[in-house]
Amino acid sequence: MLEVDNIHAAYGRAKALHGVSLTAERGEILCILGRNGAGKTTTMKAIMGLLPLSEGRITLDGANIGSRPAHERAAQRIAYVPQGRRLFPELSVEENIEMGLIAGAAGPKVKAHVLEMFPRLAERLHQQASTLSGGEQQMLATARALCIQPQVLLLDEPTEGLQPSMIDLIRQVTLRMKEEGLAVILVEQRVDAVLSIADKVVFLENGRNLETMSADQLRADPAKLHSYLGV
Amino acid sequence: MDFGPHLLLATLEGAVTAAILALTAMGLSIVFGVMRVVNVAHGEFYMLGAVIAWFIATSLGAHPAIGFVAALLLAPLAVGAIAAVSDRLILSRIDYDPERTIVATIGLLYIIQQATLMTFGPDARPVEPPFNHRIALPWVEWGDGGLALYWPWGLSITSYKLFIIGAAAVVLTGIWLVMTRTRFGLIMRATQQDREMAMVFGVPVDRTFAYVFGLGAGLAAIGAVLVVPVQQAHYLMGHDPLLLSFIVVIIGGLGSLPGTVIAAILIGMTDGIISVFFSPTLAKIIATLAVAMVLVFRPQGLMGKASR
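Sequence lines, in order, name chains A and B. As numbered in my numbering, residues 1 to 231 make up the first sequence, in order. As numbered in my numbering, residues 232 to 539 make up the second sequence, in order.
Since the hints were made in silico from the structure, they are not lab data. Hints are supplied without guarantee of correctness; some may be wrong.
So, partial list: chain A residues that the calculated Cβ filter (under 10 Å) puts toward chain B [what the hints assert, rightly or not]:
no.	residue
1	I65
2	P69
3	C147
Ideal Cβ placement from N, Cα and C applies to all residues, glycine included.
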């Protein structure tokens, strides 16, 4: 489905990715793991089109989308929940959701479906996004991305700074997305959370692939975690 | 004329200045707010609106009202289209880099100004107002029988000047409705807050910027079309609106639309009143001093947000 093949990318002159490859299939959760500075977020940005590739290919169902701008990738139903949420802070909850509906050209049914998943947002539709709690902001960032009706969902550290009940909610939503047939690519620091839901794991280091394995293999060989992540 | 009626007259003249200034500065503020572009050529889009209005009204040769209405509809569209093309040809190619856009818009300023000079010549061009009735205004005085109305000689305003104030209020209300009630307004506000995330949610930011640049220039052109029946169109007329618009946008708070309207009213009224009682030069000196004070004591402007 989504195939990232040997991509290279840089921030100005500083090269950040030196050949990252991964494949995400429908109904699968692929987790990217690595130490700080390994290139996890950069890989997500490159997939979303926020960072130009200097080399390599990104294909979606066989079509090369590696040179398409970010807004066209959104139209191809790739959705991104960035690290730190990056809501539109001065827009209301409802307006943030409306922004999600623009790319997906989706109507009120999608909005209702998303609000049914996050009923707390439905109670705060007219509240300014910046005034929400951290957990509510994460719900809104996820809801906004789901309004695109994505086929690929990129989640960058969705549980960062959240309380356990909220982490559990995000985990449930991620699993529901998998069941609905989305390809989910997840960057996450909490290894326990990853191991409980991931199907496949890619380890990165210094912008390169270290190893790709199934989550079952990793569960059977936890020494890899110590070796690659020092945990 | 006594001080009271004289002050009323000056206030009305100030309200006309404020109305035009609010439209022009709103264009500059929207462009800066959404695109972070300091458009030094903004005054030339104003000038171009006035000159095109004269050209349309003169070319039609019909009743002044028909010429004026045609100019009010077509000149802002033409100026907006020229601005949008300029954005695609120049600003997008330098990736909206802040320093380079300042230099590029200075270049654009001279290109527009000199092209207008070469095409239409150096003469000032009048446009006939669609209507221009003199309306005498009353004042009150304390007489033997208490307060009484009287009509001082010279205390009057034209119906066209009242129309300018009303038309500016209608356009500004329209802009507010567009910004708060439409999808385009939502896209503009979202792009203003986080350009990258707007792209992630399907907004073609380059195309949006072209529309925004066109909208900003179009607003300046509307102001110019409204003003050209009371001030003649001339290829050098863009300087004062540019200076005053920058003053308004800085005092109001960069990118803040309510701040822009409030500052336009303050500066416009001050400019009108001081120009009537003293001199237009003193009005400009005071406005510039006000900017200096704002920059020292409240750099974010009246309604702007302090950077963290």
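Structure-based check of all given hints:
1. Checking A:I65 against chain B: minimum C-beta separation of about 14 Å lies over 10 Å; hint violated.
2. Hint status for A:P69: holds, given a least beta-carbon distance of 7 Å to chain B, under 10 Å.
3. Nearest Cβ of chain B to the Cβ of A:C147: about 9 Å, under the 10 Å cut. The hint holds.
The structure is inconsistent with hint 1 alone, although it conforms to all the rest.
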